Amino acid sequence: MPFSFSTKEILETVSMLQTEKLDIRTITMGINIQDCRDTDGVSTGKKVYDKIKGYARNLVQVGDEIEKTYGIPIINKRIAVSPVSIVGNGLSPAEMVTIGRYLDQAAQDVGVNFIGGFTALVHKGFSNGDRALLEAIPETLAVTERVCASVNIGTTKAGINMDAVYQMGHIIKATAELTGDENGLGCAKLVVFCNAAEDNPFMAGAYMGAGEPEVTVDIGVSGPGVVNRALGDLLGASLDQVAEEIKKAAFKITRAGQLVGDMASERLGVPFGIVDLSLAPTAEQGDSVAHILEHMGLDQVGTHGTTAALALLNDAVKKGGMMACSRVGGLSGSFIPVSEDKGMIDAVRAGTITMDKLEAMTSICSVGFDMIAIPGETSAETIAGMIADEAAIGVMNHKTTAVRVIPVPGTQPGDEVNFGGLLGYAPIIPVNQVGNGEFIRRGGFIPAPVHGFRN
Amino acid sequence: MEKTERIIITVLGIDQIGIMAMISTALAEQDVNILDISQTILQGFFTMVMVADIAASPMDVGELKKMLQDKGKSLNLEITVQHEDIFKFMHRI
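For the record, the sequence lines run as chains A and B.
Residue numbering for the first sequence follows my numbering, starting at 1 and increasing by one per position.
Residue numbering for the second sequence follows my numbering, starting at 1001 and increasing by one per position.
Rather than coming from a laboratory, the hints here were simulated on the basis of the structure.
Every value quoted in this text rests on a predicted model; they were computed, and no experiment measured them.
Incorrect hints may have been included.
[Unchecked claim] Mimicking DSBU-like on lysine-lysine, the simulated pairs with C-alpha atoms at most 35 Å apart in a straight line are:
1. B:K1066 / A:K68
2. B:K1003 / B:K1071
3. B:K1071 / A:K8
4. B:K1071 / A:K47
5. A:K357 / A:K51
[What the hints assert, rightly or not] Over 12 Å on every C-beta distance to chain A, these chain B residues come out as not near it, computed from the model:
6. T1025
7. E1029
8. L1042
9. P1058
10. K1073
11. H1091
[Said to hold, decoys possible] Just the calculated beta-carbon pair ranges, DEER-fashion:
12. B:T1040 / A:G297: 32 to 40 Å
13. B:G1062 / A:D181: 36 to 44 Å
14. A:P213 / B:T1025: 35 to 43 Å
15. B:A1055 / A:G452: 36 to 44 Å
16. B:D1015 / A:P413: 51 to 59 Å
17. A:N455 / B:M1059: 35 to 43 Å
We treat Cβ as the ideally placed atom computed from N, Cα and C, and that holds for glycine.
Put together the whole structure using the sequences plus the hints.
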């Protein structure tokens, strides 16, 4: 049987893995824990723990085996569970914290670095469980290491729950203060969503949505370095040629994700969910989304033209990835987290990128204000204003948006903080000081837009 | 047809005597059957791509990779070993 690959193709793949840091960012196992409810926090937590251990006990081992066989690094193995506010509806905040502790223990015992699903969906109002969970978030993020929390405060169909937006401003502040000795690290594990994706495999926002099956594996791919390399030979090429190259690179990256997903699904005996077509950067050299935009011809990300370049990139990644896998889901776009992207960090340091430009970019990228360190004294109202702005962009544009900001206690603009590992490091970015309190404190709902009623 | 499990080995390094001998001996010792070899010198660098069948080998891909990389160190070679599927997935629709 003749062998059908050219040396060029083989060396291209090898170079993607060796020098361009192609990796699978995460294999995330979604586990439905809605049947784990018992009379109190401890007994519910125990059931949750047992269920997670039952399904995920081989997750890390299988991930490592696939990594060895295919030579593709699989950076993270993670778990997402059903929203705890639903499972724990009727329990007290203290009992919610208890469930959080069991989630943390389960994550530690199966060897995953994050577990998502300490989640409430409050876009149309609060259940008792939602209220208890929200109250439990700061303490839970302070006493656990691996638990991630998320709260959905708006959808295109329901509008924006501004009471929840304001409350999240306070919760982010409280979480930062409770984890102040770690630079407010708790806030890195807390995402406020609008139009949250039920099958998002990326942390901190992963949870197992209500429409998902009993258990599933989802894949998050990465590979900014590969896309950047693909643009390397395109000196003077027009932007449609650039888009074409990005599509091709995205196809190849996503195929690797599909392969790993197929394998993981088969070996774990769990249905394959989706591939999230995302470019997820890390703070390491050569793994930056911002550098792709700069490679297109921007002197530094943040200048005029940045949003257009990001739009081209995001769209081409989706187009290239869609044909490469059987099912696309999650967030599927380019992440632009500040602390996790070398090019973004440099642009903030240089003052080229500001909160205003970041906000504009979030109307295009896959998420929103992501891993942005802001001054510790930023008020809850100002943070709520950021959340409201992101939610408005999400609601009006039918897209997922999110806020994951860290008001690092005791810091001023110009200081730098290090969150460690994949969470990276970031300069503190200045925020607008003009008051918005009266608007935020009005509360209530911002109604859904007309196009939310498409039927 | 017997079951095959194909891997792709790439070797990069400064051209020198004994590279092929070292690799092929090491593979033979582990019952790995070489199916195809393509070798060139690119800008002074020895570049080889080898396709091999490990169905009969006692080693899995990870073990073979470690073994070859350990041996390659003494000759200053960069060696990668990968399952064929990743190339199939990336380059063929």
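Right, here's what the structure says about each hint:
| no. | hint | result |
| --- | --- | --- |
| 1 | B:K1066 / A:K68 | 10 Å, holds |
| 2 | B:K1003 / B:K1071 | 28 Å, holds |
| 3 | B:K1071 / A:K8 | 25 Å, holds |
| 4 | B:K1071 / A:K47 | 50 Å, violated |
| 5 | A:K357 / A:K51 | 44 Å, violated |
| 6 | T1025 | 22 Å, holds |
| 7 | E1029 | 20 Å, holds |
| 8 | L1042 | 9 Å, violated |
| 9 | P1058 | 16 Å, holds |
| 10 | K1073 | 16 Å, holds |
| 11 | H1091 | 5 Å, violated |
| 12 | B:T1040 / A:G297: 32 to 40 Å | 34 Å, holds |
| 13 | B:G1062 / A:D181: 36 to 44 Å | 40 Å, holds |
| 14 | A:P213 / B:T1025: 35 to 43 Å | 50 Å, violated |
| 15 | B:A1055 / A:G452: 36 to 44 Å | 57 Å, violated |
| 16 | B:D1015 / A:P413: 51 to 59 Å | 55 Å, holds |
| 17 | A:N455 / B:M1059: 35 to 43 Å | 59 Å, violated |
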